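Enquirer: Sequence:
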Amino acid sequence: MDTEISYGLLTLLPPIIVIGVALYTKLNFESLMLGAWIAFIMSQGFFGSIPALLDSCQTAVSENAWMYIVLALVGSLITLLSASKGTFGFAKFLQKYAKTQKKTLMFGWFLGLLIFIDDYLNVLTVSACTKEVADRQRTPREMLAYVLDSTGAPVCILVPLSTWAVYYGNVFAQQESLAEMGDGAYLYLHSIPFAFYGFTAVILVPLVILGIVPKLGAMKKAYRRVDETGMVYSELSAKLNEGELSTEEPLPDGKIIDFLLPMAVVVGVAIWKDDLLTALVIGICVAGILYIPRKVMKPKEFCEVFTRGLTTMVPMIAICMASQVVKMSMDSINLPTYVVDAVLPFVNPDTLAAITFVVVALLAFVTGSSWGVPVVCVPIIVPLAVESGAPIFLVLGAIASAAAFGSHACFYTDVTIMSSQVSKINNMEHVLTQLPYAIIAGLAAVVLYLVFGFVL
1 MDTEISYGLL TLLPPIIVIG VALYTKLNFE SLMLGAWIAF IMSQGFFGSI
51 PALLDSCQTA VSENAWMYIV LALVGSLITL LSASKGTFGF AKFLQKYAKT
101 QKKTLMFGWF LGLLIFIDDY LNVLTVSACT KEVADRQRTP REMLAYVLDS
151 TGAPVCILVP LSTWAVYYGN VFAQQESLAE MGDGAYLYLH SIPFAFYGFT
201 AVILVPLVIL GIVPKLGAMK KAYRRVDETG MVYSELSAKL NEGELSTEEP
251 LPDGKIIDFL LPMAVVVGVA IWKDDLLTAL VIGICVAGIL YIPRKVMKPK
301 EFCEVFTRGL TTMVPMIAIC MASQVVKMSM DSINLPTYVV DAVLPFVNPD
351 TLAAITFVVV ALLAFVTGSS WGVPVVCVPI IVPLAVESGA PIFLVLGAIA
401 SAAAFGSHAC FYTDVTIMSS QVSKINNMEH VLTQLPYAII AGLAAVVLYL
451 VFGFVL
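The numbering of the sequence shown is UniProt numbering, which starts it at 1 and goes up by one.
Hints are computed from structural coordinates only; laboratory data are not their basis. Hints should not be assumed to be uniformly reliable.
Label pairs and their in silico Cβ distance ranges [unchecked claim]: (1) P193 x V166: 16 to 22 angstroms; (2) I16 x F46: 18 to 24 angstroms; (3) K102 x N348: 40 to 46 angstroms; (4) K102 x W66: 36 to 42 angstroms.
In the DSSO-like style, the derived pairs of lysine-lysine whose C-alpha atoms are separated by at most 30 angstroms in a straight line are [to be verified]: (5) K92 x K239; (6) K239 x K102; (7) K99 x K85; (8) K239 x K255; (9) K103 x K221.
Predicted model only: the values in this text are computed from it and were never measured. We put the CB at the ideal spot given by N, CA and C, even for glycine.
Taking the hints into account, I'd like the entire structure generated from these sequences.
Expert: What follows is the structure, encoded as structure tokens:
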């Protein structure tokens, strides 16, 4: 395909369809595939759109196999921990100290700050530690999912040892105009003070938990539902919670070691080997060694629970695959280039960082590609920043922040889907309850970029 082809305003049609259909139907996978198909019709023609769609599905599966396996194993580990009753053992321990909704949620937020190395590991650990206690304290699952998601990417961009820091440091280091300033680690480290969205999103969470910032929109309705019905999840999410213990039932007895040891192994190996897949495999093996000899589970039961856990993540894996297909379809109609080119005439050194944040955030939100979109935008934005004399670290911080916004706010990014999945609520319910707070944090970040753009 000729990459110089421009579709004008029609370039915006597929992302509008994806978002509109998803909001109207609450169907994630279907809306994503519909939007991707329309984009491929535009770029490949009607008869070429189906082969392009199928090829992109195959590419998405082959290029993201690591992520899909990790997600499946996360499902297995969570299911094993629950079936062993280890999560109940930890929940009873936590109840002794976190005796209110606010204390439990603050514990989750603080734990999320500590598990900074990887956003997947962050969500997995915090959810496993807090979900059972939060349910007994009548905390809406939507609120739990918001806390989980808000300590994922927003935390990871603020830490120089995270997977995000490694990735973006490498992206920045590839820019020739930055070669004389230092290596990728240096560039990323000096951009962290300007990763404003990370700071605003993380700080906003305890303000919401403590009631300083009020419950808004769909989140307010979720709290009202709990007050009126006692249900921590809606009817739309009921099918995801079949077989779950009622919040009225007391927590079953469980051994805290059955939770802590496998989880500690996963966290420790992930930090040591810098590979979550390896950590999950070893953690599940440790769970088997821990459970089977002590007859917590029989070998057959362990295998059945492991397999059942894999299947719980199939909807999430399908949505993640569809999001990758959408990204490829948007690239085929040159969406990132079209949007960036459209705003370039309005850029000046003082406003470049703010405009960069808005544009990259919108692109990351629409395409669901928090790591792919910046790769397209960085080679355009960084030389412009250098030539115009804009504060370079402010601009680099805006790029990383915008990607974190996309990961946090978009309804089909992997971490957003994972947060709703481990919280066992409908993904669109999570997105709609979280979105007002993501927008507040995003607007605060824009203001900071404007202020610093004129001051520096």
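Enquirer: Now tell me, hint by hint, if it's right for this structure.
Expert: To see whether the hints hold, each was checked on the structure:
| no. | hint | verdict |
| --- | --- | --- |
| 1 | P193 x V166: 16 to 22 angstroms | holds, 19 angstroms |
| 2 | I16 x F46: 18 to 24 angstroms | holds, 20 angstroms |
| 3 | K102 x N348: 40 to 46 angstroms | holds, 45 angstroms |
| 4 | K102 x W66: 36 to 42 angstroms | holds, 37 angstroms |
| 5 | K92 x K239 | holds, 26 angstroms |
| 6 | K239 x K102 | holds, 27 angstroms |
| 7 | K99 x K85 | holds, 20 angstroms |
| 8 | K239 x K255 | holds, 28 angstroms |
| 9 | K103 x K221 | holds, 22 angstroms |
Against the hints set out earlier in the document, no violation occurs for any number.
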